[in-house]
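A.B. asks: Here is what each chain is made of, one letter per residue.
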Amino acid sequence: MCRGIEKSFGEGQARVRVLRGTDFDARAGEMTFLVGPSGCGKTTMISIIGAILSCDDGDIRVLGQDLRRLRNGRLADFRLDNFGFIFQQFNLLPALNAAENAAIPLVARGLSTRKAESIAREMLDKLGLDDQTQKIPAQLSGGQQQRVAIARALVHNPKIVICDEPTASLDAASGQRVMELLSEVAMDAERAVIVVTHDDRIFRFADRIAHMDDGAISRVERRKSDSLESSDSPEEPSS
Amino acid sequence: MYRTALRMLIGDKTKLLGLIFGVAFSTLLICQQVSIFAGLLGRASSVINDVRSADIWVMDPSVRTIDASYPMRDTELSRVRGVEGVAWAVPLFKSQVQVRTREGRLENAVMLGVDDASLIGVPNEFLLGRVEDLALPDAIAINPAGFRLLFPGAELDVGRELELNDRRARIVAILDAAPAFAANLTIYTRYSLATAYTNPGRNVLSFIIAKSADGYESNAVAENISARTGLKAVSSSAFRIESIMYIIENTGIPVSFGTVVILGAIIGVAIVGLTFNQFIMENLKQYAALKAIGVKNIRLLSMTLCQAGFVCVIGYGLGLGAVVIFFRSTSDVDALRGFYLLPEVAGGVAVLAILIVLLSTLLSMRRVLTVDPATVFRG
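Chains A and B, in that order, are what the protein sequence lines are. Using our numbering, read the first sequence as starting at 1 and increasing by one per residue. Using our numbering, read the second sequence as starting at 1 and increasing by one per residue.
Wrong hints could be hidden among the right ones.
Said to hold, decoys possible - Some, not all, of what chain B presents toward chain A, calculated at C-beta under 10 Å:
hint, residue
1, 1
2, 3
3, 7
4, 283
5, 286
6, 298
7, 299
8, 373
9, 377
Said to hold, decoys possible - Derived lysine-lysine pairs resembling DSS-like cross-links, with alpha carbons at most 30 Å apart:
hint, chain 1, residue 1, chain 2, residue 2
10, A, 135, B, 15
11, A, 159, B, 285
12, A, 115, B, 232
Unchecked claim - For the chain B half of the interface with chain A, some residues (derived, Cβ under 7 Å), not all of them:
hint, residue
13, 289
14, 292
15, 359
16, 376
Rather than coming from a laboratory, the hints here were simulated on the basis of the structure. By construction, the Cβ of each residue, glycine as well, lies at the ideal position given by its N, Cα and C atoms.
Work out the full structure, taking the sequences as your base and the hints as a guide.
C.D. replies: Have a look at this one:
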């Protein structure tokens, strides 16, 4: 839940106000899309929601935790425990194979490598990569790499998954496949999925679409069974 | 995460090889040069080391090194013998001579003349012949390196004749004397014969070597000798250090070796620093992703240190191995005799290698620590 989020970059005359009192909600069991033109503040918004960037003003509560009260080390722990990230460029470690890449959040949490990779292989299995676990990223297609990234985001069963343009580096068919898998595997009654995207071909996977413009949410659409509901203001927070 | 860090490093074989080469090259260069330097300093005191039975050296007050003596009067020997605490004292003549073989080969040699009666001062290790053989007419003993210098390819033997200052000398023994600083060929003979070979002038007594009596401490006896005779008297260990310090303070050798060592360190820092920095820069996005995922700075720092440590251990091990191979393969080379890898040098270079790697990775670590995890969202 974000209320009145303010964020500016730069100093003096070079100061740019990126977020202007932005409100945003993501609900468990839903896939929320955050869409808008380039430079409207989407990346800054998900960086703040993802506890990577701090805001200048406003109230941000994630899973009941006031993120503004957490310091750097605690923020990192909070991210590790509660967030899964899927990046546009996948950001897999090139020297590690698929299983090792997917196991990183578990290893970072202190699980043994063997146990972590075993769990990671199960996740890769769910994503249809059971025969690719030993391959390094360079040996995988873009779609397969993104599926490994999805496995890495989900392997530690986070409460919130943040996807930054997950289909931007993929062709249309791979993008659709990745989103289908994301819907199947990531969606959970206790998990909120936030997707930042420009790709209107995947809008059908959204439960809600928050449109952002000039540093604020301009409207939120609710999509149910391909029907469209629209409102001009953010909905009431529920999680 | 350490395994992940090592997999990241090992996965980039080109840079890994570059990093290891940098550390190994520095280790090899520094270790080898410092070892040779230490060996050279050892040669500066090799004659003192070989005279094991004496613990006091007496000389003209102006003398500062074993390699440059100023002759004393022969009567000084009696005065030293008369000092309380001196068990015995014998003369030692030291000079440089030119030696010529019958085949016409000419070499420089360090000649040491020991007391005619006792032959004290001759090293104990004889490969051929006996110490008593030095009592024979025109008898000299030489070191193996010197023999091979004079008679290349010949097996060590005795009975060969040499020409010293128009006089005949006959090799009666081969003894294992350490190579001297001034020449690889060392000749031991009787004091009277040595002075005859070199024809030095009125005063011929280079050094007096003495032994402190039971119950007397050598430094105290040396002070006593100085006080009573006006000569310079020091213990063997003090003279050894003084001779080494003379080389360090009065020759360009330390500067020359020091320059190579500094260059080795700089090259190491440059190679390792640039390669490691490149490695970090290429993986910066991945480090940012790890940070975004929730990996803490301290963990990333330890991962980077783990990579640096791995490079340091492998590089240092290979460099040290190369040094060992070098000294092993040259152990039969007379010119390099006395040069070997000292444990102190290996330990010191290990510390230096750690410093090189730490210094090299400092900048890269800073990049890892300050990388903004939000960059992963910026395409």
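A.B. asks: Against each hint, give a clear statement of whether it holds in the structure.
C.D. replies: Okay, the hints, checked on the actual structure:
Hint status for residue 1/B: holds, given a least beta-carbon distance of 6 Å to chain A, under 10 Å. At a threshold of 10 Å, the smallest CB-CB gap from residue 3/B to chain A is about 6 Å, leaving the interface hint in force. Proximity of residue 7/B to chain A holds as hinted, the smallest CB-CB distance being about 5 Å (cut-off 10 Å). Taking 10 Å as the C-beta cut-off, the interface hint given for residue 283/B holds, the closest approach to chain A being about 8 Å.
The beta carbon of residue 286/B is positioned within 10 Å of a beta carbon in chain A (closest approach about 5 Å), and the interface hint is therefore held. With 10 Å as the threshold, the beta carbon of residue 298/B comes within range of chain A, its nearest partner Cβ sitting at about 8 Å, so the hint holds. Proximity of residue 299/B to chain A holds as hinted, the smallest CB-CB distance being about 7 Å (cut-off 10 Å). Checking residue 373/B against chain A by beta carbon gives a least distance of about 5 Å; that is within 10 Å, so the hint holds.
Checking residue 377/B against chain A by beta carbon gives a least distance of about 5 Å; that is within 10 Å, so the hint holds. Between residue 135/A and residue 15/B, the direct Cα distance comes to roughly 21 Å. Compliance with the 30 Å bound is thereby established for this hinted pair. Distance restraint check for residue 159/A and residue 285/B: the Cα-Cα separation of roughly 25 Å lies within the 30 Å cut-off, and the hinted pair is therefore satisfied. With a C-alpha separation of about 76 Å, the suggested pairing of residue 115/A with residue 232/B is violated against the 30 Å cut-off.
Annotation: interface hint on residue 289/B holds; nearest CB of chain A at approximately 4 Å, less than 7 Å. Contact between residue 292/B and chain A, as hinted, is supported at the beta carbon level, the nearest pair being about 5 Å apart and thus within 7 Å. Among the interface hints, the one on residue 359/B is violated; its C-beta lies about 25 Å from the nearest C-beta in chain A, farther than the 7 Å criterion. Residue-level restraint check for residue 376/B holds (minimum Cβ-Cβ distance to chain A is 5 Å; threshold 7 Å).
Consistency with the previously given hints fails for numbers 12 and 15, ordered from lowest to highest.
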